[in-house]
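Undergrad: All the letters of the sequence shown, read from the start, carry residue numbers 1 to 258 under UniProt numbering.
Hints should not be assumed to be uniformly reliable.
Claimed, not checked - DSSO-like cross-link-like pairs, simulated, lysine-lysine; straight-line CA separation at most 30 Å: (1) 237 / 127; (2) 250 / 237; (3) 256 / 237.
Hints listed in this document are in silico derivations from the structure and should not be mistaken for laboratory results.
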Amino acid sequence: MDIAGKVALVTGGAQGIGLALARALKTAGAARVVIADLRLPGDTPTGVDEALLCDVSDPIQIATMIDHVEAVHGPVDIMCSNAGIATGMDTTFDNIAFADPAVWDRAWAVNVMAHVHAARVLIPRMKARGGGYFLHTISAAGLLSQVGSAVYSTTKHAAVGFAESLAIGHRDDGIRVSMLCPQGVATPMLEGIPEGPQLGDGVLSVETVANAAIEGIRAERFVILPHPAVADYMRAKVENYDRWIGGMAKLQRAMKPR
């Protein structure tokens, strides 16, 4: 997709990957870039046309946000569903399903259903306009796994499944989809994730990840991997799933308190 002249909306855009992505979209020529987040800074960040409050776990707030952006700035061409949470980190390996149901529900609402809610509003509009673009910030944890958080890993896997369904189901409508799946990125979220394989290939800056996303959108690439090694890990996983499970169990073993 040619980003020049497009209207882009970025959730989770007040900091981290989201803010870097918003600025990168503007640099790439987007006509209007709007961010939305649960909390906003006092001033609208440089490179952003408007900042909106939105809890992406609430479908009504998502619909209201999209309606506002389209009324004020024009049809949303690029929907960057970037908001995510790393909650329910494993404090014990005695039972990886230990997290309270409320923790699972919150992670599911933000990491999975936020993508669904945005798509449900925008798909009919994009179809009527002849196309559009969805960028879903997910994680390499959705392609591989996340040692140290069953909640995070499970919800990110589900987000991958929805992105695949969206890409398959609406390709003939001119709608394109990309999944942004980095490993370690220098964001506040990373501080809440236990040390593990996500750090093995280095921690990237948010700007590096955002630039990779821009390249992926331009090429209309479904899987965007800022850490190229993730592709090798995916191949190893599908070639010998049992060996991969054993290797991940070994990594977890090394993380357990001695």
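Undergrad: Against this structure, judge whether each hint is valid.
TA: Going through the hints against the structure:
no., hint, verdict
1, 237 / 127, "36 Å, violated"
2, 250 / 237, "15 Å, holds"
3, 256 / 237, "23 Å, holds"
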